[in-house]
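Engineer: Chain by chain, the residues run as shown.
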Amino acid sequence: MNAQPGVAAGSRRGGSPALKAIRFLVLCVGAVAMLFPLLWMVTIALKSDNEVFRLPPQWFPKELHWSNFVTGTREIHFWQTFGNSLFIAVLTVIGQVVSSVFVGYGLARLNFPGRKLWFSFFVGSLMLPGFVGMIPLFHLYSSLGWYNTWLPIIIPAFFGNATFSFLFVQYLKTISVSFDEAAKIDGASDLYVLTKVLAPMAAPVIVTMVIFAFQGSWNQYLEPLIYIVDQKKWTLALAMASYKGTYATAWNLFMAADLIYILPMLILFFFGQKFFMQGLGSVNSASLK
Amino acid sequence: MKSAMTKRKLREWRNGYLFILPSIIGFSVFVAYPLLSSIYYSLTEWSGYDKPKFVGLDNFDYIFNVDPAFWPSIRATFYYVLMSVPLSLIIGLCLAMLLNRGLPGIKWFRTIYYLPTVVPSIATLTLWLFIYQPQYGLANSLLRALGLPEGTWLTSSRTALFSIVLIGLWQVGSGMIIFLSGLQSVPQELYEAAEVDGAPRWKVSLNITIPMITPILFLQLILGIIGAFQAFNQVQVLTAGGPNFSTSLLNFKIYQDAFNNKMFGYSIAEVWVLFVIIMIFTLLTYRYSNRFVYYESDSR
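Chain order of the listed sequences is A and B.
Per the working numbering: the first sequence = residues 1 to 289.
Per the working numbering: the second sequence = residues 1 to 300.
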């Protein structure tokens, strides 16, 4: 029973059959509401140009126009933009995860004066509204000649992410210090302890960080909007927000392109569902305790 | 012996600072510097290209007494926060409670409700822009098919803001999953005790479940408020603040004043106004809801 408390409790406290049926029905209605927009999106993406604007609407396309996925991505430099987003996302993931792992180790495993102070600075910075720094940083980056480059988006990733560092600190607390000590008695350095001893044990939390770092980068809109003018350097978020006007008369093409924008996240969700479903919620709720 | 000890200690100090160096630099450059410099900039007239000119509190005077767009934007922001935060909190909690207990296909339900939160922000917003399109969009097509009157959605100043709130509710799964993990960590002994006593179900929910997750509820409330005050993408992609300023959220106005109107100093002053409003809201929430929050007496 202790092994699966949720399940055991579920069968016991499931309620009367009538109540269960009502609960099931309510959840079904809600589930349809959740799925409907996405399904509609898929049907639009597969319709012909005329079918989109037919009244009364045809819910399902007569024939499936898979070619929309080719046409929809041809004219707007879609794949180049996709590549830009991917390049930025990969560097952001590497930067945030690696730097946060180092910072997390320092905060969790090493004793030095000022450790608690810095820790509260880092966690406290999570509470600041993002817009506070936006304009001075814009000025700073512009004077460095970083305007219209990816540098303002990529470089900060390498200087630690407070949420991820915190997540790593919390995880390290569950790993006994005796592992570190054993390795250090054998003459191992801190770098060795972190990369060869602890990191493999902390693989689940590192995967979680990778996933959420990727999602954050794939979602990012404000920074690209501010810094990147040149269409060739656009990211997908920027491009899709701009092409909504260009494609105002070709919904099918737009939806096809938009679906490809979503696809990497869906794939990530499909394979890493348990990492999503544990939620960064555990981090959020822990971060302020 | 003693010097070896100090040497080891000093090495640990040095290593400690080496390991957290990225965040020290990051904090100084990306948090502390902009925060402190923006205090000064908020007191200047500055286009971003010329040199900032010190003008004292003129910006704040202009914000509160002259700017015709400021108060409408405050109004829209408050409406937005007061609608979106409670709605997503309540719906997220209800969903979590429905999804907490055993049912056929419960895993599928959880996945389906979480799925919309995986869709990137801009993809979500552009999708809903088409959903709300009056003639061919999904929303009105559905209403027509059901024989109901059509909605005005984003085109009317009376419905635009709520339509934006509605999009947020489609992504209520992110809150739901947090509540769900909270519900599952409620100790089973409590339920077993209640069952032995023969307590009715609604009483169990009211007296055990809800109090036990108040810390999470409280935290989500605070984070929800901070987040809602900073909403930006929705307005930028969907309405550009219209119709008639009804969706002109403060963050969007700040962005416009800075990057479209090139009033950097002025928009930084507005950022500080927003910042203070967020702080006041957070503190009030803290004061008034903290007394309802139940903390287990001993730490686990």
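A portion of the hints provided could be inaccurate.
If we take Cβ atoms under 10 Å as the criterion, some of the chain B residues that face chain A in the derived model are [to be verified]:
#1 Phe78
#2 Leu87
#3 Gln135
#4 Tyr255
Think of the hints as simulated: they come from the structure by calculation, not from any bench.
This one's a predicted model, so the numbers in the text were calculated from it and none came from an experiment.
We put the beta carbon where it would ideally sit given N, CA and C, even for glycine.
Engineer: Next, verify each hint and record whether it holds.
Structural biologist: Results of checking the hints against the structure:
no. : hint   : result
1   : Phe78  : violated, 16 Å
2   : Leu87  : violated, 14 Å
3   : Gln135 : holds, 7 Å
4   : Tyr255 : holds, 8 Å
The structure fails to meet hints 1 and 2 from the earlier list, while all remaining hints are met.
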